[in-house]
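J.: Given chain A, put chain B in place with the hints provided.
What follows is each chain in one-letter form.
2 protein chains.
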Amino acid sequence: MTNANRDHDDWLSTIKWDANGLIPAIAQDASTDQILMMAWMNKTALQQTVEVGEAVYWSRSRQKLWHKGEQSGHTQQVHSIFLDCDSDVIILKVTQQGGIACHTGRLSCFYRQLDTSQKAPQWQTVAPVIQDPEVIYSKK
Amino acid sequence: MTNANRDHDDWLSTIKWDANGLIPAIAQDASTDQILMMAWMNKTALQQTVEVGEAVYWSRSRQKLWHKGEQSGHTQQVHSIFLDCDSDVIILKVTQQGGIACHTGRLSCFYRQLDTSQKAPQWQTVAPVIQDPEVIYSKK
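Residue numbers (UniProt numbering), protein chains in the order written: chain A, 1 to 140; chain B, 1 to 140.
Rather than coming from a laboratory, the hints here were simulated on the basis of the structure.
These numbers come from a predicted model, not from an experiment.
Heads up, a few of these hints could be off.
Partial pick of chain A residues on the chain B-facing surface, computed with a CB cut under 8 Å [to be verified]:
no. : residue
1   : Gln-28
2   : Met-38
3   : Ser-80
4   : Ile-81
5   : Leu-83
6   : Ile-91
7   : Cys-102
8   : Phe-110
9   : Gln-122
All C-beta atoms in this analysis are idealised placements derived from N, C-alpha and C, irrespective of residue type, glycine included.
Extracted from the complex, chain A is given alone in its bound form (with noise of 0.2 Å):
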């Protein structure tokens, strides 16, 4: 590796990846501040997200890249990227194409609120299906 090469790379290397080379990706709404889910990167995913300027992820459960919008069209364009103190999380500031970034058809992928106003707290359903999945999932 040149020096040019490993000072390219310095951005990478702070960054402490968990045992399975992983990092936790929280991705935001640029324009309101709204989570709107969060999910992991690998070295790869990270390098491609900052080439491409749109979120990529590493599928746990697919064990693959993960394109977000590569199937639905609801890519996420990168604003901006922060590391925390820990170097071990991430914020993506994003636009969300469609206003869905949830498999469910939501905005945003907490749309459960726990309710706790009974004795038996619950979890609670607290914003709609934008589109039906069926649908999003169909689309050619």
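T.: What follows is chain B alone, placed relative to chain A:
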């Protein structure tokens, strides 16, 4: 376990705890929606958070419950809790006492932004230290 107890714990069993019995918890300012930090909770931490109304995390480095602010006074009053579609990430909407969530003395732990204006991207500090950590942690 009685039926009543079982019902009472349904909201906890909905959560998909990871292999270490933990879930990532994103703390977000309830009024501005700025993301303050991300930490981890086990079942007891989340139960205590709901009971106490202040954020209680599980410190992975110290392997113990961590009532945020126990040393610094910078507690987090919890207004609402959200769960994502995969049931494996939560958001806490909080009021950050002292306006400092980060152990570096900054409001948010996400104080470094990736500067991609040069050929070699770099993490740049973009938020000020509000109070010297030596002062924060010398409080009695």
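J.: Answer holds if the nearest beta-carbon of chain B is closer than 8 Å to that of A/Ile-81; otherwise answer violated.
T.: 4 Å, holds
J.: Holds or violated: is there a CB of chain B closer than 8 Å to the CB of A/Phe-110?
T.: 4 Å, holds
J.: For the hint on A/Cys-102, does the least C-beta distance to chain B fall short of 8 Å?
T.: 5 Å, holds
J.: Checking hints one by one. Is A/Ile-91 an interface residue toward chain B, by the C-beta closer than 8 Å rule?
T.: Check passed: Cβ of A/Ile-91 comes within 5 Å of chain B, closer than 8 Å.
J.: Holds or violated: A/Ser-80 as interface residue toward chain B, Cβ cutoff 8 Å?
T.: 6 Å, holds
J.: Would the hint on A/Gln-122 be counted as holding, given a Cβ-Cβ threshold of 8 Å to chain B?
T.: Hint holds; A/Gln-122 Cβ to chain B Cβ min 6 Å, cut 8 Å.
J.: At a threshold of 8 Å, is the proposed contact between A/Leu-83 and chain B supported by beta-carbon distances?
T.: 5 Å, holds
J.: Is the hint on A/Met-38 kept, meaning its closest Cβ partner in chain B is under 8 Å away?
T.: Given a least distance of 5 Å, the restraint on A/Met-38 holds.
J.: Restraint: A/Gln-28 near chain B, CB-CB cut 8 Å. Satisfied or not?
T.: Given a least distance of 6 Å, the restraint on A/Gln-28 holds.
Figure legend: structure checked against the earlier numbered hints; every hint is met.
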